[in-house]
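A.B. asks: Residue numbers (this note's numbering), protein chains in the order written: chain A, 485 to 846; chain B, 108 to 444; chain C, 54 to 354.
In case anyone wonders, no lab produced these hints; they're calculated from the structure.
Even glycine gets a Cβ: it sits at the ideal position worked out from N, Cα and C.
There's no promise every hint is true.
[Unchecked claim] Taking lysine-lysine pairs in the DSS-like style, the calculated list, with each CA pair at most 25 Å apart, reads: (1) C/Lys183 with C/Lys251; (2) C/Lys308 with B/Lys409; (3) A/Lys614 with A/Lys585; (4) B/Lys409 with C/Lys296; (5) A/Lys557 with B/Lys238; (6) A/Lys557 with A/Lys585; (7) B/Lys209 with B/Lys196; (8) A/Lys557 with B/Lys236; (9) B/Lys238 with C/Lys341; (10) C/Lys251 with B/Lys392; (11) B/Lys392 with B/Lys209.
[What the hints assert, rightly or not] If you want the ones that stay clear, here's a sample from chain B, every Cβ over 12 Å from chain C, calculated: (12) Ser140; (13) Pro220; (14) Ser254; (15) Val296; (16) Ile297; (17) Ile301; (18) Leu336; (19) Ser353; (20) Lys392; (21) Phe435.
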Amino acid sequence: MGRVAIRGVSKRFGDVTAVDDFTLEVADEEFLVLLGPSGCGKSTALRIIAGLEEPTAGTIEIGDRLVNDVEAKDRDVAMVFQSYALYPHMTVRRNVEFPLKTRRVPTAERNRLVQEAAGILGLEDLLERKPAQLSGGQRQRVALARAIVRRPQAFLMDEPLSNLDAKLRVQTRAELVELRRRLRATIVYVTHDQVEAMTMGDRIAILDHGVLQQVGAPQDVYARPANLFVARFIGNPPMNTVTGDVTRADGGVGVRIPGSVVELPGALGAAARSRGLERVVLGVRPEDLTLAEGGPIKATVSVIESLGHERHVICRLEDGQLIIVRQAANVSPPAEESEIRLAADAARLHVFDAESEQRVDA
Amino acid sequence: MSTPVDAVVGAGAGAGSGEPPAVVPLPRRRRFSRRVREAGLGYLLLLPAFLIFSVFIFYPFFRNFYLGFFSTPPFPGQPKNYVGLDQYKDVLTSSEFLDSLKVTVIFAVITVPVGIALGILLAVLAHQKLKGVGIYRAFFSSTVATSIAVAAVIFGTLLSPQVGLLQGIQTEPSILQNPDPIINISLPVIRSFIPSVALTAVAVTTIWQNLGLSFILMSAGLQAVPDELQEAAEIDGAGPWTRFWSVTLPLLSPTIFFAFVVGSIFAFQAFGQIDLLTPRGGPLKTTNVLTYYIYDQLQFSKNDGKAAVLAIALFGVTLLLTLIQFQFLERRVSYER
Amino acid sequence: MSVEPITLRGTELSGKAGTEVEAARPGKRGRRLRIFGRYVALSVLAFVVLFPIYITIVNSLLQPSQIAAKSPTFFPTSPQWHTYSDAWSSGHLGAYLRNSFIQTGLIVAGQLVTSILAGYAFAFLRFPLKRTLFVVFLATLMVPFEITIITNLQTINTLGWYDSFAALAVPFLATGFGAFLLRQTFLQLPQDLQDAAKLDGYGHLRFLARVAVPLARPTIAALAVFSFLSAWNQYLWPLLVTKDDRLRTVQIGLKQLRATNIDQVNITFAGTVIAFIPLVILLLIFQKQLVRGLTAGAVKG
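Please model the entire structure based on the sequences and the hints provided.
C.D. replies: In structure tokens form, the structure reads like this:
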């Protein structure tokens with residue numbers, strides 16, 4: 485019932501293509517995150533779903549209806565804006581009941597729904613205040629209350645947490661997840677923060693320059709990024725990526741990177757060779773690297789960042805490229821400027837075609 | 108030029124001994140003279156403006172009260188005689204004055220709200236994201252370039268019986284000569300508050316001339332209404348009319364209030380178009396606004412005393428109106444804080 | 054927040070509201086129709102607003118007989134260009150324009166200078182009674198014109214300035230509004246600038262000329278436009294203090310033009326257009342400043 489589907493949606497502003505042939509299906513009660521750097525088209529896509537922008541091509545379905553020609557106010561979606569868009573001249577109560585008033589919901593029922601929404605979001609004591617008298621977190625709740633009060637088929641959220649300070653953000657994230665569980669709502673959520681995406685989404689859709697890069701559950705996207713962009717975008721600290729040539733190694737296939745040759749596990753190596761790839765990008769996450777005496781990768785320690793619970797060892801390869809290694813805090817750190825060797829978890833090596841940037845799978 | 112450096116470095120003190128030079132605060136006399144110089148400069152910079160104000164604003168303002176005490180006899184050449192507050196009483200209770208006041212108020216009541224409403228209409232329509240809307244915005248602002256005389260001459264000639272546009276629809280008397288009320292109501296009490304045809308014509312001219320200004324002002328006010336709010340309202344289910352009443356208008360209210368206050372003050376001081384369209388106070392004095400009455404007394408009757416009293420009355424009424432507006436209207440303005 | 058789940062579907066809302074969605078409007082066609090409708094509305098209004106100007110231009114190019122004719126002509130088939138040269142020379146409109154420019158120029162220059170100096174003094178200098186003086190300056194805005202004209206007229210006569218540019222310009226060489234505006238603008242200049250200037254050894258006057266004024270240029274331009282419009286539009290005062298045709302400003306000049314050309318209305322109209330054009334050009338160039346000047350203080354309330 486509450487599903488949202490966009491097929492082949494494109495949006496052009498003059499010469500600029502904001503969204504390019506975007507197809508995505510959001511299931512009923514799913515929490516889907518649209519993730520990407522600023523300017524990647526995620527907000528535009530959201531606004532197209534809402535009906536605030538018209539697509540240059542493509543169709544949008546909400547529920548079972550084709551809504552391309554349906555006006556925003558009739559699409560039965562609610563939107564939470566990044567800056568909350570609260571009506572500054574109205575009290576919290578009037579703000580929250582506004583969507584009901586415009587639909588001529590009778591007074592008694594209106595009050596009941598407002599009270600209920602206020603209760604869910606802890607706003608009962610603030611109903612008679614004006615937005616200017618509220619804190620950032622409180623305003624955000626009012627925006628949420630206004631969205632849930634009329635029980636729409638889907639919620640659209642445009643970076644709702646980005647205007648909150650870090651501590652409040654973490655707290656509100658958890659509350660949002662709880663709220664979503666209670667309401668059993670379909671949510672399309674836009675953000676540039678991959679932590680939000682990973683922790684809140686059922687699935688993540690990553691966009692870059694208007695093009696969908698990958699859709700999948702957070703763990704899948706993390707473990708098997710479909711291309712270099714996704715690989716580098718997800719994960720903090722980001723995945724180490726080094727370009728190298730495919731070469732023979734010990735009877736198998738390896739990748740020659742500055743100063744070392746890294747052997748690829750059998751199936752992966754065979755796949756690389758069978759595709760006739762010559763240059764590839766090798767990727768390995770900082771937590772999948774360890775300092776090992778006989779490891780294949782030669783590096784020099786450059787900077788050691790101690791974060792309390794863990795350590796980031798930043799090293800340089802022969803040609804100066806940086807490699808980050810995550811180390812547990814209870815292991816003794818290497819000496820700065822020392823030459824070390826790193827070993828990678830073979831099952832956690834990623835290979836990407838250097839030209840197409842696409843993932844190579846075994 | 109005054110030296111901006113506040114302190115004197117103790118030059119001799121540390122020289123040659125390798126110690127950092129000591130900073131010694133200026134002796135009190137030096138500091139004092141610096142202050143004096145700064146104050147002197149301040150007064151000097153204010154002097155030109157202050158001089159102009161004194162001669163042409165303050166002095167006339169206070170002298171005006173004094174002038175009101177003297178009445179000028181109807182025959183030229185005779186000296187004025189002191190009548191004190193009697194003149195104030197006579198003039199302010201005369202039916203001529205009250206009629207003029209009434210005309211002035213009616214004129215303001217017509218021109219100010221209508222002007223603002225039209226300005227809002229134009230601003231809202233031109234605020235949309237349509238292609239080429241810039242041209243329309245230029246058109247709507249264009250009357251700002253018409254001065255009082257231009258607007259009055261245009262409308263005056265267009266409405267004149269000999270050469271105007273209404274040739275085919277000859278009315279007797281012609282519009283600018285017509286003292287009849289625009290709506291004929293028999294009740295004399297109400298009838299006296301209905302503007303004459305002539306006054307209405309003058310009002311229309313004024314409204315047209317002010318359209319550009321009103322449009323620019325309201326457009327600027329509209330800019331302060333964030334687009335996001337309109338979008339949120341749209342998603343919340345509000346149609347264009349509801350959006351206007353519930354979101355746009357309240358957020359526009361500070362600008363509307365400003366336009367009301369300033370517009371009323373200007374309406375009360377309107378003069379040029381009246382002189383150009385309906386000289387000598389119009390048909391049966393139905394366009395004899397206070398400013399014109401004052402001018403008439405000054406220029407033709409040479410009655411300075413009476414003019415002075417009238418000017419004070421105008422000042423008082425304007426002040427009163429502004430205060431009333433602040434007292435009652437401002438309450439309904441929704442400021443964001 | 055309590056944790057029981059809530060059902061979310063539209064069954065809870067009664068009446069016309071909520072998830073009962075009306076049939077989708079006739080899609081693309083409806084949207085296009087609405088946009089078309091908006092253009093129509095805009096065009097109608099633009100027509101209404103511009104009509105008087107349009108008719109004036111048309112009539113300035115017709116013959117008097119055409120204008121006086123019962124049925125109006127809406128387009129000049131044989132344009133009478135001579136009306137413009139007539140209005141300019143024998144109608145003295147050229148002279149009137151020149152006078153207006155001189156009068157307005159003097160007033161704008163005076164107001165700018167006095168406002169900059171006063172604004173600077175209020176913003177950066179310390180002297181006793183500063184606050185009182187500032188209130189006094191603002192109070193000048195409250196005094197309506199009509200009260201001052203009587204005495205000012207006498208003063209002008211006493212000084213022998215009747216029928217002179219001095220009479221037209223001098224009373225308006227200062228404005229409380231300008232002083233206020235510039236004070237606010239100067240106050241907004243960052244403190245570091247003043248500190249840096251102090252360290253560089255700038256005195257006040259140099260700071261004013263080299264730093265403050267250049268940085269306040271947008272506001273000064275806005276004030277200039279605003280002053281220009283006010284001065285250009287003056288009617289009552291020039292009417293009172295000038296009688297000689299050689300000094301007439303364009304506003305009074307139009308009145309004169311109309312009076313002397315009662316039967317040659319086309320010339321009057323041409324004069325109107327001539328009077329209109331300089332402002333149009335000026336305002337086209339300076340529109341941004343115009344908007345800023347007119348709305349200074351309006352939007353923030």
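A.B. asks: The structure should be examined with respect to each hint, and the outcome stated for every one.
C.D. replies: Here's how the hints hold up against the structure:
no., hint, result
1, C/Lys183 with C/Lys251, "holds, 22 Å"
2, C/Lys308 with B/Lys409, "holds, 22 Å"
3, A/Lys614 with A/Lys585, "holds, 18 Å"
4, B/Lys409 with C/Lys296, "holds, 16 Å"
5, A/Lys557 with B/Lys238, "holds, 24 Å"
6, A/Lys557 with A/Lys585, "holds, 13 Å"
7, B/Lys209 with B/Lys196, "holds, 18 Å"
8, A/Lys557 with B/Lys236, "holds, 19 Å"
9, B/Lys238 with C/Lys341, "holds, 21 Å"
10, C/Lys251 with B/Lys392, "violated, 64 Å"
11, B/Lys392 with B/Lys209, "holds, 11 Å"
12, Ser140, "holds, 14 Å"
13, Pro220, "holds, 17 Å"
14, Ser254, "violated, 5 Å"
15, Val296, "holds, 30 Å"
16, Ile297, "holds, 30 Å"
17, Ile301, "holds, 25 Å"
18, Leu336, "holds, 16 Å"
19, Ser353, "holds, 17 Å"
20, Lys392, "holds, 18 Å"
21, Phe435, "holds, 16 Å"
In terms of the numbered hints stated before, the structure departs from hints 10, 14, listed from lowest to highest.
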